[in-house]
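Visitor: Chain order of the listed sequences is A and B.
Counting along the first sequence from 1, when you hit position 122 you're at 122 in the numbering used here, and nothing is skipped either side.
Counting along the second sequence from 1, when you hit position 157 you're at 157 in the numbering used here, and nothing is skipped either side.
Everything labelled a hint here was simulated from the structure, so no lab data went into it.
Be aware that one or more of the hints could be misleading.
Unchecked claim - Straight-line alpha carbon distances no greater than 25 Å define the calculated BS3-like cross-link-like pairs of lysine-lysine that follow: (1) A/K89 - B/K215; (2) A/K103 - B/K194; (3) B/K45 - B/K194; (4) B/K194 - B/K89; (5) A/K217 - B/K215.
What the hints assert, rightly or not - To spell it out: a stretch of chain A is covered by chain B in this simulated footprint if at least three of its residues, at any positions, have a beta carbon under 8 Å from a beta carbon of chain B; those stretches are: (6) 4-11; (7) 28-42; (8) 61-70; (9) 101-115; (10) 146-156.
Just so you know, even glycine gets a beta-carbon here, dropped at the ideal spot from N, CA and C.
Number of protein chains: 2
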Amino acid sequence: MSEHISKQFDMELETIRTRVLQMGGLVEQQIIAALDALSEGDIAKFDKVIADDVHVNSMEVTIDDDCQHIIARRQPAAGDLRMVITVIKTITDLERIGDEAQKIARMGKTIYEAERFQVPRFREVKKMGQNALRMLRRALDAFARLDPTAALELLEADQHLDDDFAAEVRQLITFMMEDPRTITMSIDTMFISKAIERIGDHAKNISEYVVYLVKGKDIRHTSIDQLKREALGDNLA
Amino acid sequence: MSEHISKQFDMELETIRTRVLQMGGLVEQQIIAALDALSEGDIAKFDKVIADDVHVNSMEVTIDDDCQHIIARRQPAAGDLRMVITVIKTITDLERIGDEAQKIARMGKTIYEAERFQVPRFREVKKMGQNALRMLRRALDAFARLDPTAALELLEADQHLDDDFAAEVRQLITFMMEDPRTITMSIDTMFISKAIERIGDHAKNISEYVVYLVKGKDIRHTSIDQLKREALGDNLA
Chain A
1 MSEHISKQFD MELETIRTRV LQMGGLVEQQ IIAALDALSE GDIAKFDKVI
51 ADDVHVNSME VTIDDDCQHI IARRQPAAGD LRMVITVIKT ITDLERIGDE
101 AQKIARMGKT IYEAERFQVP RFREVKKMGQ NALRMLRRAL DAFARLDPTA
151 ALELLEADQH LDDDFAAEVR QLITFMMEDP RTITMSIDTM FISKAIERIG
201 DHAKNISEYV VYLVKGKDIR HTSIDQLKRE ALGDNLA
Chain B
1 MSEHISKQFD MELETIRTRV LQMGGLVEQQ IIAALDALSE GDIAKFDKVI
51 ADDVHVNSME VTIDDDCQHI IARRQPAAGD LRMVITVIKT ITDLERIGDE
101 AQKIARMGKT IYEAERFQVP RFREVKKMGQ NALRMLRRAL DAFARLDPTA
151 ALELLEADQH LDDDFAAEVR QLITFMMEDP RTITMSIDTM FISKAIERIG
201 DHAKNISEYV VYLVKGKDIR HTSIDQLKRE ALGDNLA
C-alpha cells in the first residue's frame with residue numbers, strides 16, 4: 001500500500017473510531033436524559049429522548065456504511081480488520097442501548113401521564129440506571145484505549161445488575177401483594193428496570209469485542225472464573 | 001482471481017450460508033422444545049434446552065471466525081462482501097434468540113418447580129410462541145432464498161406480536177388485581193411472553209439484513225408505510 005493510501009486508510013480508521021465514541025456519547029446523553037426525566041416527571045424531556053432516537057439510528061447506518069466501504073476499498077487484514085468488525089458490532093449494541101433509553105422514556109411518560117405515583121421506587125431504579133451508565137462509560141473507555149481488562153469488570157458488574165434487577169422484581173411483587181392498587185405502576189417500573197438491565201448487557205458485549213480486538217481472542221460465552229484464571233495467567237506470563 | 005481460487009471462494013460462501021441455516025435450525029429446535037416443555041411441565045426438557053445453548057453459542061463463534069477468514073483471505077467486494085457482513089449480523093441475532101429460548105426454559109422450570117399453576121395462561125403464551133417461531137422460519141427462508149419481500153411482512157408481524165404482548169400484560173394485570181395470589185405466577189408468565197416478543201424482534205432484524213444483502217439498501221429504521229410505498233414503487237418500475 002503506498003504511503004499516501006496508507007495515510008488515508010489510517011485517517012479512515014481513526015474516523016470510524018471517533019464516530020463510535022461520538023455515537024456512544026449521544027447514547028449516554030439519552031440515558032441521562034431519560035433517567036433525569038423519570039426523577040422530574042418532565043414530559044418534554046421524555047419527548048426529546050423519544051424523538052432523538054432517530055439520530056442514534058442514523059449514526060449506526062452511517063458508520064456501518066463507512067465500515068463496509070473500508071473493507072471493500074482497503075481490504076484490511078489482521079488488527080485493522082478486527083477493528084472494523086469490532087466497530088460494526090459495537091454500533092449495533094450502541095443502537096440497541098439507544099432503543100432501551102427510548103423505551104425508558106416512553107414508559108416513564110406513560111407513568112407520569114397516568115399520574116401513577118403510589119409506589120415511587122425510582123430511587124432504586126435510578127441507582128440501577130447509574131450503574132448501567134457507569135458500565136457503558138467503562139466499555140466506551142475500554143474501546144477508546146484498547147483496554148481488554150474491562151471485560152472481566154463488566155462481566156461481574158453485569159451479574160450485579162442482573163441480581164439487582166431480580167431483587168427489584170421480588171420487592172415489587174411484595175408491594176403488589178400488599179396493595180393491588182400498585183400493580184400497574186409496579187409493572188411499569190419493572191419494565192423500566194428491565195430496560196436498564198439490558199443496557200448493562202450491551203455494555204458488557206462491547207467490552208468483550210474489545211478483548212477480541214486487542215487479543216484476537218473471542219471471549220464471549222466465557223465464565224467469570226475462566227476469565228479470572230486467564231487474567232492471572234496473563235499476569236504471570 | 002484464478003478459477004481454482006474462485007471455486008474455493010464460492011464453496012466457502014456456500015459453507016457459511018449453510019451453517020447459518022443449520023444454526024437457525026438449531027435455534028428453532030430450542031424454541032420448540034422450550035414451548036413444548038411449558039405445555040408438559042417437562043423438567044428434563046427444560047434442562048436440555050438450558051444445556052444445549054452452548055451449542056448455539058459455539059456455532060456463532062465458529063461461523064464468525066469463518067467470516068473473518070473469508071474477509072481477510074478472499075477480500076470480497078460488493079454482493080459477496082454484503083453476504084459475509086449479513087452472515088456476521090444474522091448469527092448475532094440467532095445467538096440472542098437462542099438466549100431467549102434458554103430464558104424461557106429457565107423461567108418455565110422455575111414456574112413448575114414452584115408448582116405455580118393458578119393462572120395457566122400458557123395457551124396465549126404458546127400462541128405468541130408459535131407466531132414468533134413462524135416469523136423466525138420466514139426470516140431464515142428469506143435468507144436462504146435471498147428474498148427481500150419478507151421484511152415488510154415481518155415488520156407487520158412484529159407489530160402484531162408487540163400488540164399481543166401488550167394485551168397479555170393488561171390481561172395479567174387484571175388477574176393480579178382480582179387475585180393477588182396469582183402475582184408471582186403472572187410475573188413469570190409476563191417475562192416468558194417478553195422473551196417471545198424479543199424473538200420476533202430478532203427475526204425481523206434478520207429479514208432487514210436480507211433486504212440490505214439483496215438490494216444493497218439499509219432499510220432498518222424504515223416505517224411500514226415507507227416500506228409499502230417503496231414496494232409499490234418497485235412493482236410499478
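Visitor: Checking C-beta pairs, does the region 4-11 of chain A have three or more residues closer than 8 Å to chain B?
Guide: violated (count 0)
Visitor: Just to be careful, I want the Cα atoms of A/K217 and B/K215 compared with a cutoff of 25 Å; is the pair within it?
Guide: violated (33 Å)
Visitor: Quickly compare the C-alpha distance for B/K194 and B/K89 to 25 Å and report which way the hint goes.
Guide: holds (22 Å)
Visitor: Sort out whether B/K194 lies within 25 Å of B/K45, counting only the CA atoms.
Guide: holds (21 Å)
Visitor: Would you say the region 61-70 of chain A counts as covered by chain B, given the rule of at least 3 residues with C-beta under 8 Å?
Guide: holds (count 4)
Visitor: Regarding the pair A/K103 and B/K194, is the alpha-carbon distance no greater than 25 Å?
Guide: holds (14 Å)
Visitor: Closer than 8 Å Cβ to Cβ for three or more residues is the test here. Does the region 28-42 of chain A pass it with chain B?
Guide: violated (count 0)
Visitor: Given as covered by chain B, does the region 146-156 of chain A meet the bar of three residues or more with CB within less than 8 Å?
Guide: violated (count 0)
Visitor: Does the structure keep A/K89 and B/K215 at a Cα separation of 25 Å or less?
Guide: holds (21 Å)
Visitor: Please count how many residues of the region 101-115 of chain A have a CB within 8 Å of a CB from chain B and say whether that reaches 3.
Guide: violated (count 0)
The structure fails to meet hints 5, 6, 7, 9 and 10 from the earlier list, while all remaining hints are met.
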